[in-house]
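Colleague: Kindly produce the complete structure, drawing on both the sequences and the hints.
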Amino acid sequence: MNMTVQTSSVDTAPPLWQMRLKLALKNFKSGWAIFKENPIGIIGLVLIVFFALLAALHPILMATAWEPAVYDPITGYDFEILIHPSPPTWIPQPDNPMWEFSFRHVLGTDPLGRDVLSQLMFSTRSEFLLGVGAALVTVLIATTIGAVAAYYGGLVDMIFMRIADVVYMLPFIALLIVLSSLFDFELIHLALVYGVLAGFGGTTIVIKSQALTIKVKAYIEAARIAGGNDLHIIFTHLVPNLLPLSFLYMMFTVTGAIFSEAVLSFFGLLDIRMSWGLMIQTAQAAGYLLNSWKYWYLMFPSGVAITLLCAAFYLVGRALDEVVNPRLRKR
Amino acid sequence: MTIENTTMETSTPREIVLQVNNLKKYFPIKRGVFQTKVGDVKAVDGVSFEVFKGETLGLVGESGCGKTTTGRTIIRLYEPTAGHVDFMGADMAQLRGEELRNIRKRMQMIFQDPYASLNPRMSVLKIVGEPLEVFHVANREERKERVAELLEMVGLNPDFMRRYPHEFSGGQRQRIGLARALALNPEMIICDEPISALDVSIQAQVVNLLEELQDKLGLTYIFIAHDLSMVRHISDRVAVMYLGKIVELTTREELYQHPLHPYTEALLSAVPVPDPVVEEQRKRILLEGDLPSPANPPHGCNFNTRCPKAFELCFQEEPEYLEVKPGHFCACHLVKP
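Order-wise, the sequence lines are chains R and F.
Residue 508 in the working numbering sits at position 109 of the first sequence; the count goes up by one each step and never skips.
Residue 249 in the working numbering sits at position 264 of the second sequence; the count goes up by one each step and never skips.
Derived by calculation from the structure, the hints in this document are not laboratory data.
Some hints here could point you the wrong way.
Stated by the list, open to error - Below, in silico cross-link-like pairs of lysine to any residue (SDA-like), each with a Cα-Cα straight-line distance of 20 Å or less:
#  : chain 1 : residue 1 : chain 2 : residue 2
1  : R       : Lys616    : F       : Ser181
2  : F       : Lys111    : R       : Leu539
3  : R       : Lys425    : F       : His151
4  : F       : Lys90     : R       : Leu452
5  : R       : Lys428    : F       : Arg16
6  : R       : Lys616    : F       : Lys310
7  : F       : Lys111    : R       : Ile587
8  : F       : Lys111    : R       : Phe478
9  : F       : Lys310    : F       : Lys90
10 : R       : Lys425    : F       : Phe153
11 : F       : Lys129    : F       : Met107
12 : F       : Lys90     : R       : Asn628
Unchecked claim - Now the stretches of chain R that chain F is said to cover, found in silico as 3 or more residues with beta-carbon under 8 Å:
#  : segment
13 : 615 to 621
14 : 636 to 647
Stated by the list, open to error - One-sided excerpt, in silico: chain F residues whose CB lies under 8 Å from chain R:
#  : residue
15 : Lys90
16 : Ser254
17 : Val256
18 : Val258
19 : Val262
20 : Val263
Cβ coordinates follow ideal geometry from the N, Cα and C atoms, glycine included.
Modeller: This is the structure:
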């Protein structure tokens, strides 16, 4: 009698996914409470949202306000302006009698007559894709290797950690320059290569050290006693407990990936139609970088964008660090 | 008097579930750049005993005497250095891979720390159902039913299966750990100090639950503890360990009333008696010094550095572990059959 009552109450209880969702929401809320205390995290988050809006706005502007022939970030050309590059149209130009106030080119045009703002906005999306793509690859590799190396220890651990040491020591940018000069490098390739390099390198070492602290917990032993094999223990006990830290290192990888893209594009070694690095490269190739004070609009917008987006992910990462790692909290 | 009668019952020959023979577990000490082995920590150094079906064998001793290591080596959380562990016709010490995994169905363990032994990211359903899942013995629905049944068995509301470990108290968590151990209907459970992390009031509850389940399911326990009064309460027979060796093993009444080994005497003299008159006259045998390092045990008898009765022979020869009376084993030069 009692038994049937109990089991029926089990059936009427909300399904497990709902409970999980509730728990996840609760975790998120408590995490958010710590996160929002930290101004640097909020600054980072605001910046990321700002750039995401820029990226989202570009196709809308192209479809409505901007004429493709003029504003296309790659093929556009403004015939109404005689000299390119031209400074932002809202800045008064005393020595140009043709000048009148407008927001036609908010950030001016580049040496090839293309709108700088359009280029900047168009590139934002690919920067995000690159960053997140590289970060996903990194986390996938680093978490798996970190968990496996920590769990098995011994020779497996030694091999992966020596690989990590070597990769960690490699000068990324120089290596990427060599690789991209040897092979046809597109954005997706860069994301993969950077992700693999970061994944085998420093991130693995950090994740492995975290995995070591989880490996000695009694519940890992309990799982072994329960009859779980190695694969079961690694993927149902170790990895889920590593994910918060993995997520944090995702943020740092994004920063590195965006930065290396800028460097490669600047050297013209990336087979990409438009990117922030490429914008600076265009200015440099035409010789305008030597006169940056006058032609600031060729370099500053993309330079500032690179700096800010990299900083944004880094700041969010730092703030998340505090959420994941209670020892860093002030209280 | 009734206690005496049950003692007689337990001492009659019965089916042996577990026979441990000269079990050793040495942890190597490594030093230097090349990690060369410079010695061994002899955590368990030649332990032999047997466990009868349906009984509780208490394993007591002070911290660092190797009682937990013994339990963990038996269930193969540690690889034994030497010795045999015969469990229901299989040598636990030799099993490998799938065979070892399968024997887990019949021997389970509950852990000391109820806070660390449950994965914080898993629901109770997942934790208790884990053994069923990894052995593919039940589908989703059956697993749910079985978990509900198990939770009820250990005195928890089956609705709790959707909750997460952090929502429970220490005692409740230990019950969850017990439910997990019971999931596969094991014959034997090694209880590794299951109550030492709990409040005193909760300790009694958990111990009573263990006893209740033993009667109901015919379980056999190895109960590792350092709380002598709790061991007296739950055990049928008690083994006293000192520095990796069993110094005395006998039925609980025999041990608590007629201890033979000087170490057991000292250990028992430290237990407070809940009677002010007796307590006042109780004489404590204070042992001098610390537990010697198991990396460098004393020559001769292990206990000779602290034994109040030690004499010449104790420093020269290691005492044999003998059955001095029927069912009463002791390793001491002063005690001869």
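Colleague: Decide, hint by hint, whether the structure agrees.
Modeller: Hint check results:
{"no.": "1", "hint": "R/Lys616 x F/Ser181", "in the structure": "18 Å, holds"}
{"no.": "2", "hint": "F/Lys111 x R/Leu539", "in the structure": "24 Å, violated"}
{"no.": "3", "hint": "R/Lys425 x F/His151", "in the structure": "13 Å, holds"}
{"no.": "4", "hint": "F/Lys90 x R/Leu452", "in the structure": "57 Å, violated"}
{"no.": "5", "hint": "R/Lys428 x F/Arg16", "in the structure": "48 Å, violated"}
{"no.": "6", "hint": "R/Lys616 x F/Lys310", "in the structure": "43 Å, violated"}
{"no.": "7", "hint": "F/Lys111 x R/Ile587", "in the structure": "39 Å, violated"}
{"no.": "8", "hint": "F/Lys111 x R/Phe478", "in the structure": "68 Å, violated"}
{"no.": "9", "hint": "F/Lys310 x F/Lys90", "in the structure": "36 Å, violated"}
{"no.": "10", "hint": "R/Lys425 x F/Phe153", "in the structure": "17 Å, holds"}
{"no.": "11", "hint": "F/Lys129 x F/Met107", "in the structure": "15 Å, holds"}
{"no.": "12", "hint": "F/Lys90 x R/Asn628", "in the structure": "13 Å, holds"}
{"no.": "13", "hint": "615 to 621", "in the structure": "holds (count 5)"}
{"no.": "14", "hint": "636 to 647", "in the structure": "holds (count 3)"}
{"no.": "15", "hint": "Lys90", "in the structure": "7 Å, holds"}
{"no.": "16", "hint": "Ser254", "in the structure": "33 Å, violated"}
{"no.": "17", "hint": "Val256", "in the structure": "29 Å, violated"}
{"no.": "18", "hint": "Val258", "in the structure": "35 Å, violated"}
{"no.": "19", "hint": "Val262", "in the structure": "43 Å, violated"}
{"no.": "20", "hint": "Val263", "in the structure": "39 Å, violated"}
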